[in-house]
Every structure is written in structure tokens, then in C-alpha cells.
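Using the sequences and the accompanying hints, generate a full structural model.
There are 2 protein chains.
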Amino acid sequence: MLTAQLADAKQAGQVLAMTPLAERNALLESMEHLLVTYQDQVLAANARDVDEAQARDLDPPRIARLKLTPEKLAGLRESLAALRQAPDPLGAGRRWQTARGLILQETRVPLGVIAIIYESRPGVTVEATGLAIKSGNAILLRGGREAHNSNEALASLWHQALKDVGWPSALVTLLHDPDRSLAQELMHLKGLDLLIPRGGAGLIQRVVSEATVPVIETGVGNCHLYVDEAADWEMALNILQDGKISSPAVCNALETVLIHRAVKDGWVPQAHERLSPYGVVWHGDAEVMALVPDAVEATEADWQEEYLGLHLAARVVDSLDDALDHIARYGSHHSEAIVTNSYSAGQRFLAQVDAAVVYWNASTRFSDGFQFGYGGEMGISTQKLHARGPMGPEALTTVKTIAYGSGHTRDM
Amino acid sequence: MLTAQLADAKQAGQVLAMTPLAERNALLESMEHLLVTYQDQVLAANARDVDEAQARDLDPPRIARLKLTPEKLAGLRESLAALRQAPDPLGAGRRWQTARGLILQETRVPLGVIAIIYESRPGVTVEATGLAIKSGNAILLRGGREAHNSNEALASLWHQALKDVGWPSALVTLLHDPDRSLAQELMHLKGLDLLIPRGGAGLIQRVVSEATVPVIETGVGNCHLYVDEAADWEMALNILQDGKISSPAVCNALETVLIHRAVKDGWVPQAHERLSPYGVVWHGDAEVMALVPDAVEATEADWQEEYLGLHLAARVVDSLDDALDHIARYGSHHSEAIVTNSYSAGQRFLAQVDAAVVYWNASTRFSDGFQFGYGGEMGISTQKLHARGPMGPEALTTVKTIAYGSGHTRDM
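As they're listed, the protein sequences go chains L and Z. Read in order, the letters of the first sequence are residues 1 to 412 in UniProt numbering. Read in order, the letters of the second sequence are residues 1 to 412 in UniProt numbering.
Derived from the structure by calculation, the hints contain no laboratory data. Just so we're clear, the structure is a prediction, and the values are computed from it rather than from any experiment. Beta carbons are placed, not taken as given, at the ideal position from N, Cα and C, and that holds for glycine. Be careful, since some hints might not be right.
Unchecked claim - Chain L regions said to be covered by chain Z (calculated; three or more residues, Cβ under 8 Å): (1) 89 to 99; (2) 171 to 178; (3) 235 to 241; (4) 348 to 358; (5) 376 to 390.
So this is what it looks like as C-alpha cells:
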């Protein structure tokens, strides 16, 4: 059933792949204007979704994610503006001549057609499509049922913007999928170049394990902060607070702090005091329990857990090696941080920790496509192949090698 | 059962990941010397495999792939020498400062542990391991049963070379797998960073569809040559001959030629004459049949077929657009070529054909890691994610982003 939509999208994508950056950026800018002009219509459509969701007793966090506000729309416009200012992910790369004189030119090209399966956030309809357009791809959007009216309103603005510049509407296809059959179909849609699940761990795992089309896994961040014996205590407190408090529900938030035994007696009580106004629950080993009066005892599950909330696992370690072992065992290869003024400890941590991003004296919360200057992100890849870490527009491209010959043959 | 081997390989890989290029190259050079010193032992082990294979009545092409000769061993030494001369795939990449002043440093690092499942060619034991070492990875080798003695002999040379430089032997692990249970286990070995199937289409498809670990698909090459109306006829004949004759059993060989109607009457008979000494069987459409006396009629299956032998599918097209449509429909996204002196036709072909490598006035047979100057290849990726086209040492690496802060926090 989606075969026809995919074919239309492929064809439309070929048009987009040829356009210069300025035209792709003009489309993004046009969308920014439409988001202002039609703000009331978008908010009205969203209000219908929110009303229905409340009538169906959806849980409050999900309704919070569903709800659009003038501020959230302004944020989406800022994302599009940042994306416009980001460099072109398409175009010429390395060029070289082979031993036989053939000229090879690497060229970044769009993947073709990407699809995204997402949940209640309607903002994804703007952000993911912006990234697709910037990188020359057509996109199939399969949003959550509960956001259907909001997504329709936003997709219709994209279609208006496409019409304004004279590009095919098949570049952006919103799929209405009340019975989830289309999500199923997307996972097995031969010819689809990439499928990205964006949402909770359940959705991501279902897609990764079932899909037969190419998928990039995003998401789980069990991020650690290691406070070394040579740490600046105040810096470690700030980085702990930023990592745990500033946005606890996101994947780059801190979940576990590892403290060198040499500093535990002084630093742990200060850390506890720093976090206590926010109601953080400490899950500590025996030594942490002795220093944090209201800590609960950490179990094996705590070391593995991505709390996504105001909980913190805490453990005392004997050495940098112990910290490295703990992270190797429990980390999710997302973002890991050390605070230390020791050159050798810092360098060893950077070299030995196997993660997408490793931080020396900085907060894991910087693992983000905007912070990295990519102009946005499709998510944060925790896999090693293709894209690792924040996925900006370049993660939605591939390489084509162009060979310029003058009758070159290999074995004649 | 492989969990312990994987853990040992991971640990050994961490040692290798830290070594400078000169030491990795020294190991490759040591292996080159050992291949000379122990040539007789390797050939003797191989002779036992060949004897057993003959006793078991294996088919002759498989025995040919199994058999080592002094010339083949010299070729393997040359591969290692080429790999030594190739640039370091590891090390520093882009470095930039974010808007907030955080310094980000992209670094190419090894994937960790890669595994390869291969069939009768014992040379893979040298080539694949060389690529793994060059790129800082540990490797698990699961070769074919029939090559077991040869693989043992070659792996023991690697272990000797590792011992000489003082590196752990767990960097190279040869798996003996007479009942194929280990191949099965590799496909689901949690923590394995990459599995590459190398061999026939059956093996590759089985691994791609069944594996739950990261896999890169290599292989199928249904490569086309389009002879444009503005082609240089002699050049097109040379490129046809090179593509079809020089090594018909490989994936970058030509399978189909598309001829513009304006040149068919003159060019097709010349092409037929050029290929006739080699016994090429033409599978033509009606117009080709009229020009090639001994052609057989092409069926739909011929357009899809990767012959890997002395067969050639041939079709007359009305235009460049028709040729592009044919390639879009039947191509395997591997390597495609146009011969033309028309600037506009050449540029359109390069831009619109969706393949790993597109050739303008050159043979598809250049799609090869040695020809590209990579110092070797793990195969030719026909997927768009991670690696596309010939996979040299860099395809066995990933990126880690290192963040240097001085107490940077995001939201405080």
C-alpha cells in the first residue's frame, strides 16, 4: 500500500537532490514564515488533539509532549533558522587520482527517502522534515495517532511551502495510521533508504528488532560522571547539577556518579546538599549510604537503569581503572564525563571510554545537534556504524564516488 | 561459547587501538616476511586441504579457490605491502569550538572486534586480518571447513608475528567450526561490533537476513554499460571488453550493455566481433537479436541476473532517459558506466544514477579497494549506510567525539 507513496517520494527526492543549498534554505525560511502566519490554525488543531487526549485520559506527561504553545512554535522556528545557517551536507568531498590515472571524486548525496516513526510530539513534524529537506531527502512521516490533527496542520504548511517554490508535494508525506498497520509496513518497505524510530525505548527496540529496512538506533543514555581524586570540587558539583537537574528526562542527562574514594568524604555531602533542593533520590552503595542520610541502597538494576527522572545512582570507586571498568560494563556508549585536573587521568579516560562523546571537565548535556552546531538533530545514535552521536543533516547522506576517465580500462 | 573469546578480543583490541601507525605497519611487515619463511609449511597445509577436498569430490571452481600457489602467496604479500603504504585510518578529524566555547575533536577509532564469515579462499585469512590490524581492530575469523588446515597455518603465522612485537594473540582468533554452530553464534553475538559475510550470494543473504549484530552487505553487482549516441565507439568496445572479459566472475564485471538506437547498427556488430573470441553468449532484445546472429532472446530474468560468467545481456534504448530508467529498475547500486563525449549526457548520468560508483568513460572494473588506493578491501558495500563501494581500512572505524571543557555546563 505504501509502495506508490515510496515511488512518488523517490522521484520527488531526485528533484530535491539536484537543488542548490540556497533553494533548500529558502524552503526552510518559507516554512518559518508560514508558522507565524498560520500559528492560530496550528494551535487550534493541536487543541483538538489535546481535548481528545484528555477525554481519553492519556497520562499527563504524554499530554505535555503533545501540547503546542506559542513558545514551542517559536522554538521550532528557531530550529529551522539554525538549520538554514548550518553548512550544506551535500556536495563534493575528497578528490584524487588513482595510480592508473583515473580521477575519483567523492560526493555526498542524499540517502533518498527516509521515514520516521514518532510518538506524541508534533514538533517532530517540523524538525525531522527540516533536516530531511536540508539534506535533500524526501520524508515519510508516521506520527502518533493522538497528534494527528496537529501533524496534519503542520504537514499542510510544508505542502504550502513546497507549492510556493514549485517542488513536488510528495517530498513530504504524512501517513495517517490509526491501526498501526503502516508502521508495520514501513519496517519492511523494500526500497526505503532509512527508517528512524524516535520516541521511547519500547518503540525503538520494537523497530530495531523487527525492521528489515536500514534503521539507526537512537536513544538510551545511561551517562556517567566520574569525579576523580584530582577533580575541582566546585566544577564537579556544577557538572553534576547540570547533568542531573537541567533536563532529567532526556538521554544526555546524568544517571550515575562515580566518586574516587580519596574525595568521597568531602565531596559526596556537598553533592547531596547541592541536589537536595530538587528532590533527587540517591541510590548508593554502602559507602555512599554512609554519607547520604536519605539514600536508598543501590541494586544491580540501578547501575543499568536510565532513570530519566530525579534519581541518581552513586558509587565509590578505588581508582580510575575501577571507574573505567564500571562504565565499560554498564554504560550505553552514549556520553560519559570525567572531572579531573590530572592530565594523565583525563587522557586515559578520553582514550579508553567507548562512547559516542566523551567529556573532560564538561557536562554530558552538550551531546545535542544544536549544541554541536549541526542545526538540529534526528536523535543521538548509540550505534557505531554510519552515524555516532548527535545526527545532524550529514547523517542523512551517503557517498557516491564519481569516476572521470578517458577510456580507462583495468586489465587491457 | 564465544563470549569468552569476544571478551579477550575486546581487551586485546584496546591495546591495538592505542598503537601508533608505525607499529601496526611493522606487524604487517613481519607477516610478509613470515609468509616467505614458512611458505613451504603453508603450501603443505594447503595441499592437505586440497587432497581432502578432491577426495570429497568438491566442484572444481571451489577447489581452485581453495588452492594456494607460490604466486597467490606472493599476491598476498603484495596486498600487505600495499596496506602498509596506505594512510592511517585512525586519528584526529575535524576540530571545532561550539557557540558556548566547548572544544570538540572528532577522532577516528577502531570499531573494536570484527568478525568475518568466509568460504573456501584461505587468502582471506591474510587480507581480512591485515585490514583489521591496520585499522586497530581485533578479528574473529570463521573460515570454511575445507580450508581449515590452510587457515590454521596462516593464523599461526599471525600469532608468530604478534608474539614478535609483543601483542596479545587474542587479536586474531581462528574459529574451527565443522558443524557451523559458531557461524550461527556469531550472527547473534552481543557486543560484536561488526560481522562481514564474504563469499557467495547465498552466504551473504543468509547472514544479512538472520544476524542481529551489525552487518555490512557486500556483493551483488549487476553492472551496466550505457553506450550513448555520442560515444567514442572504440572506447566503448574497450570498456565493454574489459568489463566483460578481464574477470567475469567478480562483482564489478559488466552484466548488461544498453545501446542507444542511433549507434546500434554500427556498434553492436563490432561489439559482437570483439567479444566472440571469448565465447560470450549474448542475451538480446529483438533489435540486438537482429544484429547478433547467435544471440539468444533475453527474458525479464536476464535484466536482473548477475551472470558472473561469459554471458551478456544487451538492449537497445531510445534515449539516455530510457537507459537511466533501465538502470534504476534493474541495477544493484554497485557500479554503472556511461561512454559518451556529450557533456550533458555524462553529467546527467553521473547525477542521476544511484550507485556506489558511477563511471564516465571508464570501466566498472575499477571498483576495487586496491585500484582506489585503499591498500585492500573487505568487499564492496552495496548499502548506503556506513560504507558504500570498496571498503578499505576506514570502513572498519567509527568516530568518537572528544569534548574538552573547563567546567562547561549547558543550562546553568
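Please count how many residues of the segment 348 to 358 of chain L have a CB within 8 Å of a CB from chain Z and say whether that reaches 3.
holds (count 8)
Residue count check for the segment 235 to 241 of chain L against chain Z: does it reach three with CB-CB under 8 Å?
With 4 residues close enough to chain Z, the hint holds.
8 Å C-beta test of the segment 171 to 178 of chain L against chain Z, three or more residues:
violated (count 0)
Taking beta carbons only, do three or more residues of the segment 89 to 99 of chain L come closer than 8 Å to chain Z?
holds (count 3)
Tell me if chain Z covers the segment 376 to 390 of chain L under the three-residue, 8 Å CB rule, please?
holds (count 6)
Checked against the numbered hints above, the structure violates only hint 2.
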